[in-house]
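Here the structure of chain A is known, so what remains is to put chain B in place on it, guided by the hints.
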Amino acid sequence: MTRVTRLVPLLAALGPMAIAMEVPTVDIHGFASQGYLYSTKNNYLVMSQDGSTEYNEFGINFSSDLTDDLRLGIQIFARDLGELGNDQPVIDWAVADYHYSDLIGVRFGKVKQPFGLYNESRDIDLARTSVLLPQSVYTEGFRDAAASFIGIDFYGRLPGGPVGSVDYQLYGGGNSFEDNNSIAQAFEEPVATPPGVTRSVVIDKTRVKYLYGGQIIWNTPLDGLRLGGSLTAVSVHLDGTVTLIIPSGPPPSPPTNIITPTTFALPNLFVGIASAEYTWRDLVLAAEYSRTDGDIIVDGTPVAGINSSGWYVSAAYRFNPWFELGAAYSVYASHREDWSYTDPRSYQEDATLSARFDINPHWIFKLEAHGMRGAALVDRSDNTNDNGSESFDEHWLFFAAKTTVSF
Amino acid sequence: MFSTLPTRWWCIGLLAAFGAAVPASAADVLIAHPETAIDRIDHDSLRALFQGRKRALPNGQRVDLVVLAGGPVHERFLADHVHMTEAQFQTHWKKLVFIGQGRLPRSVASEADMVKLIAATKGTVGYIDAATPHDGVKVLVISD
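Chains as they are written, first to last, in this note's numbering: chain A, 1 to 407; chain B, 1001 to 1144.
It should be emphasised that the hints constitute simulated quantities derived from the structure, not laboratory data.
Even glycine gets a Cβ: it sits at the ideal position worked out from N, Cα and C.
Pair by pair, the computed Cβ-Cβ distance ranges are:
(1) B:Ala1027 with A:Tyr38: 46 to 54 Å
(2) B:Gly1136 with A:Leu103: 28 to 36 Å
(3) A:Gly174 with B:Lys1122: 38 to 46 Å
(4) A:Asp204 with B:Ile1038: 54 to 62 Å
(5) A:Leu397 with B:Lys1122: 55 to 63 Å
(6) A:Asp87 with B:Ala1027: 47 to 55 Å
(7) A:Asp282 with B:Ala1027: 19 to 27 Å
(8) B:Pro1034 with A:Leu66: 25 to 33 Å
(9) A:Tyr100 with B:Pro1034: 22 to 30 Å
(10) B:Lys1122 with A:Leu225: 35 to 43 Å
(11) B:Ala1069 with A:Leu70: 26 to 34 Å
(12) B:Ala1027 with A:His335: 53 to 61 Å
Extracted from the complex, chain B is given alone in its bound form:
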């Protein structure tokens, strides 16, 4: 029965099923202060940074992390690059704070605030959706 449906109806059905679940832009970019000396970072180092197991970029430059307070971009970045859920991320960092081995990343309410803070603060690293305007910051390429 289904095979008799016109192809365009299949396409509309697929879009209806999955289109709403996938954001218009499903890519995040890692941004840093413009004076950051490196242009790229490998995936493992990025994950270790946001898990608090590293404090420096691969060139040795110390960084301060900036995270979004919540929302789909935050959750997507954590899932794709830190391999943690929001709950795991919160719990993990609180644990580091209460055993004296970490300092909570700075938290900002919006991507615009993220761009503004990172543009103005040396040594900071954060993330935004690729479609968000990001004048004044440096985009770091994430490599495997």
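Here chain A stands alone, though its shape is the one from the complex:
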């Protein structure tokens, strides 16, 4: 572990005036990941049936302690996942962190959102054994609303003596995105229309109007056991246009185009997660359960409800300094009252085996295989026939390979 870069010598070289100043040091760290995704059936996350390298992340951050209590930092991040990201750099986080005491501190700016055990580090491939986090809880489709927010985050650690300690975070804020984001993509998915009619949606603007919540992690007296709970309330609004193309008569009569500005909203989305993690030497066990509730509103009218849930159990074991194996079983249900498994679009089971190789302290490589049943988290737009109807397979395999370098 090395402290990478110090800018003090550069500043000192500017002359006696610079030397006389109290110049804070700046740490610079970065990472770059490149992945490959392939599925036997169903295009998942990318056009995976053909195999795809449209899966990467890059990040570089700069941070400095201005005083004992105050730290500033920023991370520039770019990613590509199929049609998402396209390697356009964005500010991932940009934080002023005032650590008043271990009991209470405050971060403000653009802050990573704490929910579940791993959401804050969901983009950091080197932080885990697996390539993908369990999608039943850390769904890529909601990633852009869940990764970070602009606002304020109070945090601290409450000592509990013989009953352990509690790490807490309380936060609130909002966010906005350009049109290319995972939430917009979900609304741009095709829906069933009468024969001959084509409907398309283009989202121009996505706003997280507000977001607030809290998380507690209880570090129990049983060494290595952490139990946690997170609650988040989110209000998401999307502005776009709906285009209907309707045949006006037999050919060669031109079809009629109806273009309507439309507002979509998830005005009262609640996400709750219960978490448990146990670490014993080289073994890490984890389990989480999440549920999401809310309404989908189109131009002020409720059109559907959301009542999904997901859970997973996972285990990872490091055999030696360079090799780690992980396994997970993850289940997602888009309607949590319905576990009949009659409609593959309403559930997704995922049994995962992951291998991680630490080639050296700065370079890792991973291989992963998923046995899938169901397709609830598969995009419709990536899985349509030539005639425009959706096409899904219930049983399928999904493979991932990824390498990451960091400094």
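This is chain B only, laid out in the frame that chain A set:
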């Protein structure tokens, strides 16, 4: 059959089996800059410090952590006091750095370098094997 072996052969056998695995000195000491105001730290606070969940000593004094780049003393300290393996420690701190919630501890190549740096730098805390000379630094007692 074994019970007929002389006791001294049992002793030699046990030493051969376990002696090589146990370092001559299996105790680490926590060291701090000599102007550090406290004399002892409880085990939980020490672990929280090296896990990045605390930034201050129990008296509120802010600290900068110093760690060894590797080796048996480093691994033993992590196992005994931080309850992490070397791999877990590395991954944990990198995660903190990349989510904007931590700054990597300073890393030094040897225990001699650790003593030299801590003796010269206010607010620093590190660890060495108890048998390593540590003039110029303060030893903090680790209590339960």
